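Under my numbering, think of the first position of the sequence shown as 1, with each following residue one higher.
The hints are simulated quantities; they were obtained by calculation from the structure and are not laboratory data.
Check before you lean on any hint, since a few could be wrong.
[Unchecked claim] Cβ-Cβ distance ranges computed for the label pairs, FRET-style: (1) 122 with 34: 29 to 35 Å; (2) 161 with 110: 40 to 46 Å; (3) 120 with 90: 15 to 21 Å; (4) 134 with 191: 22 to 28 Å; (5) 213 with 74: 18 to 24 Å; (6) 138 with 35: 35 to 41 Å; (7) 92 with 161: 26 to 32 Å; (8) 71 with 22: 28 to 34 Å; (9) 138 with 24: 34 to 40 Å; (10) 44 with 71: 32 to 38 Å.
Since this is a predicted model, take the numbers as computed values, not measurements.
Beta carbons are placed, not taken as given, at the ideal position from N, Cα and C, and that holds for glycine.
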Amino acid sequence: MLVAAAVCPCPPLLVPEVAAGAAPELDAVRAACTDALGVLAAARPDLLVVVGPGDGAGPETYPEGTPGSFRDFGVGLDVRLGPDRGVPAGRELPYGLAVGAWLLGRTGWADAPVEGLAVGEALTAERCAEEGEAVAGRAERVALLVMGDASACRTLKAPGYLDERAAPFDAELARALGAADTGALRALDTGLARELKVSGRAPWQVLAGAAAGNPDLGGALLHEDAPYGVGYLVATWA
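Please put together the full structure from these sequences, using the hints given.
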(Lines of atoms letter the chains of each structure in order from A and count residues from 1; the text may use other names and numbers.)
(Lines give C-alpha, C1' and ligand atoms only; values in the text may rest on other atoms or scores of the structure.)
Protein backbone atom coordinates (compact mmCIF):
# COMPACT_ATOMS: atom_id res chain seq x y z
CA MET A 1 0.00 0.00 0.00
CA LEU A 2 1.14 3.55 -0.67
CA VAL A 3 1.91 5.20 2.65
CA ALA A 4 3.62 8.41 1.49
CA ALA A 5 4.61 10.34 -1.61
CA ALA A 6 6.76 13.35 -2.40
CA VAL A 7 6.23 15.33 -5.59
CA CYS A 8 9.24 17.29 -6.83
CA PRO A 9 10.20 19.06 -10.07
CA CYS A 10 12.91 17.51 -12.20
CA PRO A 11 14.80 20.23 -14.09
CA PRO A 12 18.52 19.46 -14.31
CA LEU A 13 18.96 23.07 -13.12
CA LEU A 14 17.96 21.79 -9.69
CA VAL A 15 21.50 20.39 -9.52
CA PRO A 16 23.77 23.33 -8.55
CA GLU A 17 26.63 22.12 -10.74
CA VAL A 18 24.33 22.28 -13.77
CA ALA A 19 22.82 25.64 -12.80
CA ALA A 20 26.29 27.11 -12.13
CA GLY A 21 25.94 30.85 -11.46
CA ALA A 22 22.15 30.66 -11.38
CA ALA A 23 22.16 28.01 -8.63
CA PRO A 24 20.98 30.32 -5.77
CA GLU A 25 17.79 31.11 -7.70
CA LEU A 26 16.47 27.62 -6.95
CA ASP A 27 17.53 27.39 -3.30
CA ALA A 28 13.90 27.63 -2.13
CA VAL A 29 12.70 24.72 -4.25
CA ARG A 30 15.70 22.62 -3.21
CA ALA A 31 14.85 23.26 0.45
CA ALA A 32 11.23 22.27 -0.18
CA CYS A 33 12.37 19.04 -1.85
CA THR A 34 14.52 18.24 1.18
CA ASP A 35 11.49 18.73 3.44
CA ALA A 36 9.39 16.50 1.16
CA LEU A 37 11.94 13.69 1.35
CA GLY A 38 11.82 13.98 5.12
CA VAL A 39 8.14 13.06 4.96
CA LEU A 40 9.04 9.92 3.00
CA ALA A 41 11.63 8.90 5.58
CA ALA A 42 9.18 9.49 8.43
CA ALA A 43 6.71 7.07 6.80
CA ARG A 44 9.18 4.18 7.27
CA PRO A 45 8.57 2.57 3.86
CA ASP A 46 9.68 -0.91 2.91
CA LEU A 47 10.28 0.25 -0.67
CA LEU A 48 10.79 3.62 -2.36
CA VAL A 49 10.01 3.95 -6.06
CA VAL A 50 11.21 7.02 -7.93
CA VAL A 51 8.78 7.79 -10.77
CA GLY A 52 9.68 10.21 -13.54
CA PRO A 53 9.33 11.06 -17.22
CA GLY A 54 10.88 8.57 -19.62
CA ASP A 55 12.41 8.87 -23.05
CA GLY A 56 10.05 6.27 -24.51
CA ALA A 57 6.45 5.41 -23.75
CA GLY A 58 7.38 3.02 -20.97
CA PRO A 59 6.79 1.93 -18.37
CA GLU A 60 10.44 1.04 -17.91
CA THR A 61 11.90 -0.08 -14.61
CA TYR A 62 15.37 0.62 -13.23
CA PRO A 63 16.81 -1.53 -10.44
CA GLU A 64 18.58 -0.21 -7.40
CA GLY A 65 22.10 0.85 -8.26
CA THR A 66 21.34 2.06 -11.80
CA PRO A 67 23.73 4.93 -12.65
CA GLY A 68 22.92 8.28 -14.19
CA SER A 69 24.83 11.40 -15.11
CA PHE A 70 24.49 15.03 -16.16
CA ARG A 71 27.12 14.85 -18.87
CA ASP A 72 24.51 15.70 -21.51
CA PHE A 73 24.16 19.03 -19.70
CA GLY A 74 27.87 19.76 -19.78
CA VAL A 75 28.65 18.64 -16.24
CA GLY A 76 30.81 15.64 -15.32
CA LEU A 77 28.60 14.64 -12.40
CA ASP A 78 27.51 11.04 -11.87
CA VAL A 79 24.71 9.78 -9.64
CA ARG A 80 23.32 6.39 -8.69
CA LEU A 81 19.86 5.19 -7.66
CA GLY A 82 20.73 3.93 -4.21
CA PRO A 83 23.77 1.75 -3.50
CA ASP A 84 25.70 0.01 -6.26
CA ARG A 85 24.18 -3.42 -6.93
CA GLY A 86 26.30 -4.35 -9.92
CA VAL A 87 23.81 -3.27 -12.56
CA PRO A 88 25.03 -4.39 -16.01
CA ALA A 89 26.78 -1.72 -18.03
CA GLY A 90 24.76 0.18 -20.60
CA ARG A 91 21.73 1.08 -18.53
CA GLU A 92 21.46 4.69 -17.45
CA LEU A 93 18.74 6.69 -15.74
CA PRO A 94 16.70 9.16 -17.82
CA TYR A 95 17.20 12.75 -16.71
CA GLY A 96 14.15 12.94 -14.42
CA LEU A 97 15.18 9.87 -12.47
CA ALA A 98 18.76 11.14 -12.39
CA VAL A 99 17.53 14.31 -10.67
CA GLY A 100 15.60 12.13 -8.24
CA ALA A 101 18.73 10.08 -7.55
CA TRP A 102 20.63 13.31 -6.95
CA LEU A 103 18.01 14.45 -4.42
CA LEU A 104 18.21 11.12 -2.59
CA GLY A 105 22.00 11.23 -2.54
CA ARG A 106 21.97 14.81 -1.33
CA THR A 107 19.79 13.91 1.65
CA GLY A 108 21.64 10.65 2.37
CA TRP A 109 18.64 8.38 1.76
CA ALA A 110 19.16 5.00 3.43
CA ASP A 111 15.68 4.30 4.77
CA ALA A 112 14.53 1.66 2.26
CA PRO A 113 15.54 -0.01 -1.02
CA VAL A 114 15.08 2.21 -4.07
CA GLU A 115 13.86 1.43 -7.58
CA GLY A 116 13.07 3.62 -10.58
CA LEU A 117 10.09 3.76 -12.95
CA ALA A 118 10.03 5.86 -16.10
CA VAL A 119 6.74 6.65 -17.84
CA GLY A 120 6.59 8.51 -21.12
CA GLU A 121 4.34 11.13 -22.62
CA ALA A 122 2.60 8.58 -24.86
CA LEU A 123 1.38 6.44 -21.96
CA THR A 124 -2.38 6.83 -21.45
CA ALA A 125 -3.92 8.00 -18.20
CA GLU A 126 -5.51 4.58 -17.70
CA ARG A 127 -2.23 2.76 -18.22
CA CYS A 128 -0.42 5.13 -15.84
CA ALA A 129 -3.02 4.51 -13.13
CA GLU A 130 -2.76 0.75 -13.63
CA GLU A 131 1.00 0.96 -13.25
CA GLY A 132 0.57 2.96 -10.06
CA GLU A 133 -1.76 0.37 -8.59
CA ALA A 134 0.78 -2.34 -9.39
CA VAL A 135 3.61 -0.36 -7.78
CA ALA A 136 1.56 0.18 -4.61
CA GLY A 137 1.17 -3.57 -4.32
CA ARG A 138 4.90 -4.24 -4.40
CA ALA A 139 5.36 -4.08 -0.62
CA GLU A 140 3.41 -3.61 2.58
CA ARG A 141 4.57 0.00 2.88
CA VAL A 142 5.45 1.74 -0.40
CA ALA A 143 6.59 5.35 -0.84
CA LEU A 144 6.90 7.27 -4.10
CA LEU A 145 9.20 10.10 -5.11
CA VAL A 146 7.37 11.55 -8.11
CA MET A 147 9.44 13.73 -10.42
CA GLY A 148 7.95 16.09 -13.02
CA ASP A 149 7.53 19.71 -14.07
CA ALA A 150 4.31 21.58 -14.71
CA SER A 151 3.84 23.75 -17.81
CA ALA A 152 6.81 25.29 -19.62
CA CYS A 153 4.76 28.12 -21.12
CA ARG A 154 4.29 30.62 -18.29
CA THR A 155 6.25 33.58 -19.73
CA LEU A 156 7.50 34.97 -23.02
CA LYS A 157 10.96 33.61 -22.25
CA ALA A 158 9.74 30.15 -21.23
CA PRO A 159 10.89 27.13 -23.27
CA GLY A 160 7.43 26.89 -24.82
CA TYR A 161 6.81 30.65 -25.05
CA LEU A 162 3.75 32.23 -23.39
CA ASP A 163 0.49 30.29 -23.46
CA GLU A 164 -2.46 31.77 -21.58
CA ARG A 165 -3.70 28.28 -20.70
CA ALA A 166 -0.54 27.49 -18.73
CA ALA A 167 -1.22 29.43 -15.53
CA PRO A 168 -4.76 28.02 -15.04
CA PHE A 169 -3.48 24.51 -15.75
CA ASP A 170 -0.72 24.87 -13.16
CA ALA A 171 -3.09 26.41 -10.62
CA GLU A 172 -5.49 23.45 -10.84
CA LEU A 173 -2.57 21.06 -10.67
CA ALA A 174 -1.24 22.76 -7.54
CA ARG A 175 -4.68 22.50 -5.98
CA ALA A 176 -4.96 18.80 -6.86
CA LEU A 177 -1.52 17.93 -5.52
CA GLY A 178 -2.09 19.93 -2.35
CA ALA A 179 -5.42 18.21 -1.76
CA ALA A 180 -4.32 14.68 -2.76
CA ASP A 181 -7.12 14.79 -5.35
CA THR A 182 -6.58 11.58 -7.30
CA GLY A 183 -9.65 12.14 -9.45
CA ALA A 184 -8.34 15.47 -10.72
CA LEU A 185 -4.94 13.97 -11.50
CA ARG A 186 -6.50 11.07 -13.41
CA ALA A 187 -8.56 13.58 -15.40
CA LEU A 188 -5.61 15.72 -16.55
CA ASP A 189 -5.96 16.54 -20.25
CA THR A 190 -3.13 14.62 -21.91
CA GLY A 191 -3.35 16.64 -25.12
CA LEU A 192 -3.24 19.98 -23.33
CA ALA A 193 -0.40 18.76 -21.10
CA ARG A 194 1.58 17.88 -24.22
CA GLU A 195 0.93 21.30 -25.79
CA LEU A 196 2.03 23.04 -22.59
CA LYS A 197 5.20 20.90 -22.43
CA VAL A 198 4.25 19.39 -19.06
CA SER A 199 6.72 16.62 -18.19
CA GLY A 200 4.96 15.41 -15.03
CA ARG A 201 1.55 14.38 -16.37
CA ALA A 202 2.26 10.64 -16.61
CA PRO A 203 4.20 10.40 -13.31
CA TRP A 204 1.38 12.23 -11.46
CA GLN A 205 -1.17 9.83 -12.91
CA VAL A 206 0.95 6.91 -11.68
CA LEU A 207 0.73 8.55 -8.25
CA ALA A 208 -3.06 8.80 -8.57
CA GLY A 209 -3.27 5.09 -9.33
CA ALA A 210 -0.93 4.15 -6.50
CA ALA A 211 -3.01 6.12 -4.00
CA ALA A 212 -6.26 4.37 -4.93
CA GLY A 213 -5.82 1.81 -2.17
CA ASN A 214 -5.30 4.37 0.60
CA PRO A 215 -8.08 6.97 0.75
CA ASP A 216 -6.72 8.33 4.04
CA LEU A 217 -3.74 10.06 2.40
CA GLY A 218 -3.72 13.83 2.90
CA GLY A 219 -1.84 16.32 0.76
CA ALA A 220 0.24 19.41 1.46
CA LEU A 221 1.62 21.88 -1.09
CA LEU A 222 5.09 22.94 0.06
CA HIS A 223 6.25 25.10 -2.84
CA GLU A 224 4.84 26.68 -5.99
CA ASP A 225 6.81 28.89 -8.38
CA ALA A 226 7.57 29.36 -12.07
CA PRO A 227 11.19 30.47 -12.49
CA TYR A 228 12.27 30.65 -16.11
CA GLY A 229 8.58 30.32 -17.07
CA VAL A 230 8.36 26.68 -15.96
CA GLY A 231 6.00 25.53 -13.20
CA TYR A 232 7.80 23.90 -10.28
CA LEU A 233 5.64 22.28 -7.60
CA VAL A 234 6.62 20.44 -4.42
CA ALA A 235 3.99 18.52 -2.47
CA THR A 236 3.67 15.64 -0.03
CA TRP A 237 1.01 12.98 0.54
CA ALA A 238 0.96 11.11 3.82
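Here's how the hints hold up against the structure:
| no. | hint | verdict |
| --- | --- | --- |
| 1 | 122 with 34: 29 to 35 Å | holds (32 Å) |
| 2 | 161 with 110: 40 to 46 Å | holds (43 Å) |
| 3 | 120 with 90: 15 to 21 Å | holds (20 Å) |
| 4 | 134 with 191: 22 to 28 Å | holds (25 Å) |
| 5 | 213 with 74: 18 to 24 Å | violated (42 Å) |
| 6 | 138 with 35: 35 to 41 Å | violated (25 Å) |
| 7 | 92 with 161: 26 to 32 Å | holds (31 Å) |
| 8 | 71 with 22: 28 to 34 Å | violated (19 Å) |
| 9 | 138 with 24: 34 to 40 Å | holds (38 Å) |
| 10 | 44 with 71: 32 to 38 Å | holds (35 Å) |
Of the numbered hints given earlier, the model fails hints 5, 6, 8; all others are met.
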